[in-house]
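Novice: Produce the complete structure using the sequences and hints provided.
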Amino acid sequence: MQNTPSIQITWLQFVLLIHGTQVGVGFLTLPRELAQVAGSDGWISILFGWALSVTANLFIIHAMKRHPNATLFDLFSLFFGKWIGKPASVVLLLYLIGCSLAVLFSIVSILRIWLMPKTPNFMFILLLSIPTYMIVHHGIKMIGRYAELIFYFSLWIILLLAFPVNHSRWLYLLPFIKEGWMPVISATKLTILSYLGFEITFILYPFLMLKKKATSAVIVANTLTMFFYILTTLVCFSYFSSLEILQYTWPTLSLLKVIRVQFLDRWDVIFLAMYMVVISVTWIVYMSLAVFGMRQVLPKSKPSITTVAILLITLALSIFLALSQSQVTQMTRTLSYIGFMIAYVLPLCLWCYVKLLEGIRRNQGGNSS
Amino acid sequence: MSSQEEQQLQEAKQLPTISSNLADNLMQITSLFEGFPDLVIREFTIQSTRKAAALVYLGGLTDKNSVNNNVLEPLLFQLNINPTVSISHFISENTWDALTAAILGGNSVLFVNGHTEASILDTQGWPQRSIEDPQIEASLKGAHQGFVETGSQNIALIRRYIPTVDLKIKEITVGARGNTTVSLMYLGDIAQPKILEELEKRIRKIDVDAIINAGELGEFIEDNPFSPFPQFISTERPDSAASQLLQGRFVMIVDGSPNVLIGPTTFVSFFQSIDDYSTRWLIASFIRVTRYFAFFIALFLPAIYIALISYNYVVIPIKLIISIGESRERVPFPPFAEAILMEITLEMLREAGIRLPAPIGQTVGIVGGIVIGQAAVQAGIVSNIMVIVVASTAIASFILPNYDMGAAVRFLRFPMMIIASIFGIVGIAVGLMTLIIHLITLKSLDTPYGSPLAPVRFVDWKDTFIRAPLWIMKKRPVSSVPVQLQRQGPTQPEENT
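So the sequences go chain by chain: H and A.
With this note's numbering as the guide, the letters of the first sequence map in order to residues 1 to 369.
With this note's numbering as the guide, the letters of the second sequence map in order to residues 1 to 497.
Simulated from the structure, these hints should not be mistaken for laboratory data.
Computed from a predicted model, the values in this text were never measured in an experiment.
It cannot be assumed that every hint is accurate.
Claimed, not checked - List of simulated lysine to any residue pairs, SDA-like, C-alpha gap at most 25 Å: (1) K194(A) / M209(H); (2) K302(H) / P225(A); (3) K212(H) / R457(A); (4) K302(H) / G39(H); (5) K300(H) / K201(A); (6) K201(A) / S227(A); (7) K141(H) / T441(A); (8) K443(A) / W11(H); (9) K302(H) / R457(A).
Claimed, not checked - Partial pick of chain A residues on the chain H-facing surface, computed with a CB cut under 7 Å: (10) M433; (11) T434; (12) T441.
Glycine included, every Cβ here is placed at the ideal spot set by N, Cα and C.
Specialist: Encoded structure:
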């Protein structure tokens, strides 16, 4: 059942696809969440989270190495046979679609709160469906290009963070480890979820052009994400005091409110609109992987029809379930736990399973000879 | 009458080849070319062989001097000289199809009594325009020769720049009635054979009556006819075409059209002008960056204005919004209606200015631009700020060196305005996203249109946003998929003196 993918993505595209999937809506709320648990030491947890995510990611690579041309969908049926493989694939598929929808709904709800409170949800979904459809059915190669281009496009956004730095008081960060290591470690749980997105390696790995460089690619991708998170968190922590920050749901956005230049007030508005373009990578990647996965489960399905179907479901959900902000958060949280299982627990299990299989085979080989 | 014609046609079909009898042949010719008042049949006796002969040609399409001096005079008066006519190109044919095509193409055909073959003499000479300065793509420092309507002359104009045997030409006839010759020009050792194959396949597939202009050919063979973006560069400058050939691209010359098509193209190639390479690189780079900036202005400025005024006015500082408010005080329309009104007026003015003769065109410009603009503001129909926005948008859209790309931008401005009027700044962001996605997925002759931006090819960035010094650009652009990349030799070691 191993099919060699004819399309391939470059190292850089691979890196930026993972990075683009990791940086999502969490980026806007992470500083507050960290401050809630660990106070001004929260940024240290990001480092811990990074170490864990890189380790998990390396496990994924290791598990995939034996079958370089098989995606997770193929691996399921390869390892566990058709009867367990198919349902497992369907679960993975649902997870991918769920992630895509969660990101889409989150950004829509933020846009509604910050920019256009009177526009109904489904209008936004309808609007965003157009570009989403245009790219998703083209497959992973185009998504790679998109992720790459949007990354360059988003670099200027980081520069915006330089403005609040003028007003920041770095003393807010002191003293280090004021309440011991426990809060820092418990906040790591939060950051782990912010790094979610690297589990797409499970599906993207076969498409990578040079498999040898996969290790460096995932390290670079995770480090890039860590760099973004740490930078924002540090700027937020040094700008707001650790109590003040708790008042803001989206501290990263509130931070930008202070930027004033002569011709433009309220950079947060522009930032949010542009950030939506950046986040589009996340939901587009998840959705296109779901479309790809659909072909593994139902080989006869057409990418364009699958895409339309997913988008129609999204639209229907947005019309019939008027999701509130808290419901969306709840949805994201639930998906995060599934994601945690897929990204952290599954690779470990797979790795053990592969080792076990090898062990058995070696023993059998030893007996027979 | 019609039955008679049919009968004649059938007769013509019954006789695919010519007979040895001159009189029969001439009868056949007159029946084939019925309704051709300019058909000339000159009957005479060849001096050297004493044989009856006839020369047949179409008066309007042949060079009379050539016929008289090089064909008739030697045949009539010279003795014992073989071959008698002094025409460079000379073919013998015996099928009526070939002979008719030759006469229609401006050649003369010589029938000799007793021969079963007629000679096609190359005496082509139709009304021609002299080679002039290109009209649309004005040149500052480049050559002042523009393409003309004759394909062979256009080929010659390009050949002058690249006199090498590697410059190959493939001729393909397109159109059941037009029989237009499309010449496919490329550098044999540089251009990608796969693209050549694809291009040839697409051109051969065309099945129409006739192709009049290069644009029609482009529409038949482009990858995505639903895109507003041009997928072939259409140029009227031989130097530009030669430069593109040297970069490994293909040039399609349509006989009868003063524009040639160049492909495969990328989005950024529409921002490059041949003049960039003869201007100092710093200045050329500056101008090129200005073009990209202008592209965004032309595309988004009215949309941004609408979005900011109607939805996201918090973004505008207080002082500015007060002055905008004052200017908009008397305007009864929402910003979208105001913008659409002015933009459409502007587009109509532009079109009117082009279609009218130059002196009246100017008057239209003055009447439209100054009178209507000023009067509309005073009447309170539009605001001053809107006039500024529209005017800067118009100027920005004219900076783009390629007409097709400029037209695409002018067209895309309207959807952007509509989306901005419904969704504000979010709409603009989505519009930008859609645009980016469209450019990424677009292809030109199966090569990515978004290159070198997506897929990113850093080597090509030397000639993308800036125009790097020529000595740095040692390689051909990767996005034209050439077989041979090196364009400049390794630098010669300098001799120390």
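Novice: Check whether the Cα positions of K194(A) and M209(H) lie no farther apart than 25 Å.
Specialist: 23 Å, holds
Novice: Sort out whether K201(A) lies within 25 Å of K300(H), counting only the CA atoms.
Specialist: The given pair, whose Cα atoms are some 30 Å apart, is violated under the 25 Å limit.
Novice: Regarding the pair K302(H) and G39(H), is the alpha-carbon distance no greater than 25 Å?
Specialist: 50 Å, violated
Novice: Do the alpha carbons of K443(A) and W11(H) lie within 25 Å of each other, as the hint requires?
Specialist: 23 Å, holds
Novice: Is the shortest C-beta separation between T441(A) and chain H less than 7 Å?
Specialist: Interface hint status for T441(A): holds (5 Å vs cutoff 7 Å).
Novice: Measuring from the C-beta of T434(A) to each C-beta in chain H, is the shortest one below 7 Å?
Specialist: Cβ of T434(A) sits 4 Å from chain H, so the hint holds.
Novice: For the hint on M433(A), just tell me whether its beta-carbon gets within less than 7 Å of chain H.
Specialist: Since the shortest Cβ distance to chain H is 5 Å, the answer is holds.
Novice: Mind checking the alpha carbons of K302(H) and R457(A) for me, to see if they're no more than 25 Å apart?
Specialist: Not satisfied, since the Cα-Cα distance of roughly 31 Å exceeds 25 Å.
Novice: If you draw a straight line from the CA of K212(H) to the CA of R457(A), is it 25 Å or shorter?
Specialist: 22 Å, holds
Novice: Is K302(H) within 25 Å of P225(A), Cα to Cα?
Specialist: 23 Å, holds
Novice: Run the distance test for K141(H) versus T441(A): straight-line Cα separation, threshold 25 Å.
Specialist: Distance of about 10 Å is within 25 Å: holds.
Novice: Is the straight-line distance between the alpha-carbon of K201(A) and that of S227(A) 25 Å or less?
Specialist: 22 Å, holds
When the structure is compared with the earlier hints, violations turn up for hints 4, 5 and 9 and for no others.
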